[in-house]
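Those protein sequences? They're chains A and B, same order as listed.
For the first sequence, our numbering begins at 1 and goes up steadily by one.
For the second sequence, our numbering begins at 1 and goes up steadily by one.
Any given hint could be a false lead.
[Stated by the list, open to error] Pulled a few chain A residues facing chain B out of the computed Cβ check, cut under 8 Å:
hint, residue
1, Val109
2, Arg112
3, Pro142
4, Ser292
[What the hints assert, rightly or not] In silico SDA-like cross-links for lysine to any residue, where the CA-CA straight-line distance does not exceed 20 Å:
hint, chain 1, residue 1, chain 2, residue 2
5, A, Lys246, B, Pro235
6, A, Lys246, B, Glu237
7, A, Lys148, B, Thr352
8, A, Lys246, B, Leu255
9, B, Lys215, A, Gly245
10, B, Lys372, A, Leu171
11, A, Lys288, B, Asp373
12, B, Lys372, A, Thr169
13, A, Lys190, B, Ser117
[Stated by the list, open to error] Chain B regions said to be covered by chain A (calculated; three or more residues, Cβ under 8 Å):
hint, region
14, 148-158
15, 361-375
Hints in this document: simulated from the structure, not taken from any laboratory.
Beta carbons: idealized from backbone N, C-alpha and C, even for Gly.
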Amino acid sequence: MSILIDKNTRVLTQGITGKTGRFHTHHSAAYAKGKRAYVAGVTPGKGGQKFEGIPVFNTVIEAKRETGANVSVIYVPPPFAAAAIDEAVDAGIGLVICITEGIPVLDMVRTRHKMKNTSTLLIGPNCPGVITPDEIKIGIMPGQIHKKGSIGVVSRSGTLTYEAVDQLTQLGLGQSSCIGIGGDPVNGMKHLDIMRQFNDDPETEAVVMVGEIGGSDEEECAFWVKENMSKPVVGFIAGITAPAGKRMGHAGAIISGGRGTAAEKIKIMEECGITVTKNPSEMGITLKRLLS
Amino acid sequence: MNIHEYQAKTLLAEYNIPVPAGLPCMSPDDCIAAAKRLGGDLWVVKAQIHAGGRGKAGGVKIARSIEEVSQYAHSIHGMNLISNQTGPQGHTVKRLLVEEGVGIARELYVGMLIDRSRQQIALLASTEGGTEIEEVAAVTPEKILTAYADCESGFNQNDLASITEKLGLEGCSKTQVIELFNTLLQLFIEKDASLVELNPLVITPAGNVIALDAKMNFDDNALYRQPEIRELNDPDEQDPDEIEAAKHDLSYIPLEGNIGCMVNGAGLAMATMDIIKLYGSEPANFLDVGGGASVEKVTNAFQLMLKNSHIKAILVNIFGGIMHCDVIAKGLITAARDTHLGIPLVVRLEGTNAEQGKKLLADSGLSIITAKDMADAAKKAVEAAGEMA
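Chain A on its own, in the form it takes in the complex (with noise of 0.2 Å):
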């Protein structure tokens, strides 16, 4: 088992026809089963072009019936992203992963308003997207440095998750899933939405969890722990250097009005259970060590 993808999954990639788009999902078709799994592309104009093998369709409603797609994954610019998470949503597209970054925080504050009342899942935008190891990998994270095994990885950086990931292998921890939930202040589901699922999910024995400052994700994610799950986390945060009022890369990773601080969201993680590491390079052996 794994959380939100499988090798089952049919991916339809929108933006297809674009540099990013052909880029990662040659990388995304030749890993794992993926071959299989990427059934449809869609840009719109190029409908009845083929893009390695792979055939394109003007629109999501058609590519999804022709093809049975049940997730997408976005590679379109920002000015016509939101767009084009909608047009997945309104085709029913069970789970939407936004890679793009730079969305204007108000076509996304739009886009999250039309998605209220449909069963729709969103991850990102600004994110490295979901792999399970071995099965399936749809995104823009390294395949090679992810093993299969039992540890979920939730974060909102990318290549944080991928130093997250690599200590896990090193150390012979395989992955149920890892998920990159993204960067952006406005996004689809977060730390605690992803929480729920590797709860449930029996595959998954324990969680590493990595947040940055800015906005209030973690420490929401932290009281469900507390009162919730049954596996260990171990958890970072990334930015108790960071000073205030200036945004540290990520739209999202900003400390306003002193709230957001890497020090308040570790404390509350600390009270909630959450075994904390401050060390970067530490987030695999404290898992370790927690489980033996």
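Chain A is fixed; fit chain B onto it per the hints.
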């Protein structure tokens, strides 16, 4: 992106939100001319910088004569204003705003921003105008009233009526404030704002509503569709190194420490800063080179970091995923040669072809210190910087 108070007030006026009559000025002479043009017998001379806390720092003065306008304009123009928001180095005042004086019966706080948890636009209002809202939020959170809006449906008008009730407003000022809330939302949405603060919004003795101060931030991701807002950018208000970095598609923030760090990815960059501190030193900067660490980008990044006078060593931490480590290593070697790097360079490369990358660095003839993981890199960088000091 931030804009000046006078620019924010021009925007408010475009939306028919009342602001005091005023004129932006670039010199003390401008200020005197502006005061004469505005007329009356009471003026306010205000420093225009992007940081707040100007009043307490001596950047806002009330003048009762043209002579006083001249006196205050001369003292404020060119002054190095140090407020609780400028940082200890302060900020030079180059622009001023001269306004007519306004009679004040009451001062309110009004703010609008994106609420991340609710994923809606939030209106904040309080009777505690003029003070810092963070203090009010910390000490008396019950004094902050909120309402939420979606882009299409706007505010629930009952919520707004309830807020004005709790603010103790009556009659024409109540109607005006409700209208102002709705108009402010329209501006917020149409201009892709990320923060609007009117602090204070004042009620005059006659019951009229005027925005006495205004602060606005805009969503950087939306500037491509806001050409008018883009025009308001004042490069004098930005750190020149940050402007330079943005030109090269680097995300760079100079800091106070002595270990420069260059990392791919914002989260890993913050974590690298944190681990430097953990091993006993302080980072000299935040620097995210993003996904493609090309020779040109790495060279630009090195040049930027070297401008920082207290830098004693550089730590490069790259997790090469899709990008191969041997390619990154070649870039680092070229950049180190081209910039004549005179300080220790510690490199941690991980990911695809990491071994080949490390070998290239070792064979380069340059004194590059390689590290096996993040902790090792931080330790070695802290040691190397210590030896340089």
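Consistency of the hints with the structure:
no., hint, in the structure
1, Val109, "holds (6 Å)"
2, Arg112, "holds (4 Å)"
3, Pro142, "holds (4 Å)"
4, Ser292, "violated (21 Å)"
5, A:Lys246 to B:Pro235, "holds (17 Å)"
6, A:Lys246 to B:Glu237, "holds (14 Å)"
7, A:Lys148 to B:Thr352, "holds (19 Å)"
8, A:Lys246 to B:Leu255, "holds (11 Å)"
9, B:Lys215 to A:Gly245, "holds (15 Å)"
10, B:Lys372 to A:Leu171, "holds (15 Å)"
11, A:Lys288 to B:Asp373, "holds (18 Å)"
12, B:Lys372 to A:Thr169, "holds (16 Å)"
13, A:Lys190 to B:Ser117, "holds (10 Å)"
14, 148-158, "holds (count 3)"
15, 361-375, "holds (count 3)"
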